[in-house]
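Given next are the chains, with one letter for each unit.
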Amino acid sequence: MKKSPPVPLITPDGKRCDGRAFDELRPIELEVGVLKNADGSAMIRQGKNIIVAAVYGPRELHPKHLALPDRAVLRCRYHMAPFSVYGERKSPAPTRREIELSKVIREALEPAIFLELFPRCAIDVYIEVLQADGGTRCASIVAASLALADAGIPLRDLVAAVAVGKVQGHIVLDINHLEDEYGEGDMPVAMMPTRGVITLFQADGVWTPDEIKYALELARKGIMKIYELQKEALRKKYEKVIEEVEVGV
Amino acid sequence: MSKASFEVIPHLKKKTIYAMLQQGSRIDGRKLTEYRQIAIEAGIVERANGSALVKLGNTMVIAGIKAGIGAPFPDTPDAGALMVNVEFVPFASPTFEPGPPDENAIEVARVVDRGLRSTGAVNLEKLCIVPGKHVWVLWCDIYVLNHDGNLIDASALAALTALLNTKLPKVTVEGGEVKIDERTLEPLPVEHYPVTVTMAKIGDHIVVDPCLDEELVMDARLSIAVNEEGKVCAIQKGLGGYFTIEEVHKAIDMAVQVSNELRNKIFEAIKKVGT
Chain V
610 MKKSPPVPLI TPDGKRCDGR AFDELRPIEL EVGVLKNADG SAMIRQGKNI
660 IVAAVYGPRE LHPKHLALPD RAVLRCRYHM APFSVYGERK SPAPTRREIE
710 LSKVIREALE PAIFLELFPR CAIDVYIEVL QADGGTRCAS IVAASLALAD
760 AGIPLRDLVA AVAVGKVQGH IVLDINHLED EYGEGDMPVA MMPTRGVITL
810 FQADGVWTPD EIKYALELAR KGIMKIYELQ KEALRKKYEK VIEEVEVGV
Chain X
181 MSKASFEVIP HLKKKTIYAM LQQGSRIDGR KLTEYRQIAI EAGIVERANG
231 SALVKLGNTM VIAGIKAGIG APFPDTPDAG ALMVNVEFVP FASPTFEPGP
281 PDENAIEVAR VVDRGLRSTG AVNLEKLCIV PGKHVWVLWC DIYVLNHDGN
331 LIDASALAAL TALLNTKLPK VTVEGGEVKI DERTLEPLPV EHYPVTVTMA
381 KIGDHIVVDP CLDEELVMDA RLSIAVNEEG KVCAIQKGLG GYFTIEEVHK
431 AIDMAVQVSN ELRNKIFEAI KKVGT
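Protein chains in written order, with this note's numbering: chain V, 610 to 858; chain X, 181 to 455.
Careful: at least some of the hints might be erroneous.
Here are the in silico distance ranges between beta carbons for each label pair [what the hints assert, rightly or not]:
hint: 1; chain 1: X; residue 1: GLY454; chain 2: V; residue 2: THR803; range: 53 to 63 Å
hint: 2; chain 1: V; residue 1: ASP627; chain 2: X; residue 2: SER205; range: 50 to 60 Å
hint: 3; chain 1: X; residue 1: GLY454; chain 2: V; residue 2: ARG729; range: 56 to 66 Å
hint: 4; chain 1: V; residue 1: PRO691; chain 2: X; residue 2: GLU277; range: 25 to 35 Å
hint: 5; chain 1: X; residue 1: LYS194; chain 2: V; residue 2: VAL694; range: 38 to 48 Å
hint: 6; chain 1: V; residue 1: ASP819; chain 2: X; residue 2: PHE447; range: 26 to 36 Å
hint: 7; chain 1: X; residue 1: LYS195; chain 2: V; residue 2: PRO614; range: 50 to 60 Å
hint: 8; chain 1: X; residue 1: ALA199; chain 2: V; residue 2: ARG729; range: 28 to 38 Å
Just so you know, these hints were derived from the structure itself, not from any lab. Since this is a predicted model, take the numbers as computed values, not measurements. Even glycine gets a Cβ: it sits at the ideal position worked out from N, Cα and C.
Please model the entire structure based on the sequences and the hints provided.
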């Protein structure tokens, strides 16, 4: 039923439509502390994705009746800008997709945060997709987890994520917009890398249990690479801070 | 029952639930991989094109299909449309409130939809009447009537049974005009049979088909939709817990095993009313 893609998704020499190998990530740029007002923030560019995540909190929670006596409430809003998508303008009102993604992203980040250290507080994570190119929920998690770290919120681990997909029978890492739209399956995975546990796991398309095994292993390897980039991005910001302080002295 | 006692009591049961799991049993006496009693009744709403009532223990869900002729989506001009919507009816639980579907209801609807769509359960191309102009539009509305846990599986069972129970009037096109013959009914082209199996992680244990008490103390949830070939066609992890890779594989094996039992229940219900 799906229309045929505008370009071949797999070229005759066994490459993908953007020239990548099956197990190759797109170029990823991470920057921490991009917004001055937020307690923590980060930007990710992954392929043509441009996503900014910001964290406010721990702070007082409103409305107060939502507060929990033994832990902080984590709230998360994933939102796509009207101009971020290919083709027609997306309405800025939250779609059912965005409501679901806000929920699964929150649940992907939650296991990593020591929420019990901040009873009655709120931690708000805001994610804006400025340009979408497939795999936005995973890229959002990568940025949001950096923003949480940047806000100084105690974490058990960072959370890194990547979407694997099934394209013309091949299982490939980090699917782009075309592979997402015209491929046969999409499987976003998020993990706490040092603990090796899965905090987000979704899939559509038809997969055999063996394919899932292979796909999860491919995702895990991608996630370990992204995790290194995350640590490097954090180091970069705080090395700069240290330099500034030392010069000041 | 007040909202507070509804949510608090299970926390007092938490210790018991954990202790029993350690012994290999569950709060309601089931084994870890045992599903609750399933009762499915197809065709219970005559006004709908197709319908089904599903009971999973005390969980009760009804699905109704309403079909109409409308314009196709611009990106699929030669295919009909299927929309899944879930309502948590306020009388189904003291924790449900009136209003538009919240994130939980939306999640259930989207997971059910994903299972149906990924396998191509309904052959939507066969629902095209005039390409680009007129197609069948199917609304699958799922009403949760009583909440005792595992609304995803109950909803998926109800949706597939209702679709299998759906009949559409025969349509013909004469000179560009669509004519509907209400007296000649044809079954909906349902070609694949995905069912969803949800598992709860409670401590280090994974249990199939959590009841509400178990859901209120579970750390995480994993729903796996499986088609008739034993292939996985939708996955959704839920809640703020995590799964190890080994747990995921174990859960998938469990889901594939249990799925046949669920599918057979649907076929039995359909057989009773004749397609």
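Each hint tested on the structure:
1. X:GLY454 / V:THR803: 53 to 63 Å: Cβ of X:GLY454 to Cβ of V:THR803: about 58 Å, so the range 53 to 63 Å holds.
2. V:ASP627 / X:SER205: 50 to 60 Å: holds (53 Å)
3. X:GLY454 / V:ARG729: 56 to 66 Å: Holds, since X:GLY454 and V:ARG729 (Cβ atoms, about 59 Å apart) stay within the stated range.
4. V:PRO691 / X:GLU277: 25 to 35 Å: holds (31 Å)
5. X:LYS194 / V:VAL694: 38 to 48 Å: holds (44 Å)
6. V:ASP819 / X:PHE447: 26 to 36 Å: Roughly 27 Å apart at Cβ, these two residues keep to the hinted range, so it holds.
7. X:LYS195 / V:PRO614: 50 to 60 Å: holds (55 Å)
8. X:ALA199 / V:ARG729: 28 to 38 Å: holds (31 Å)
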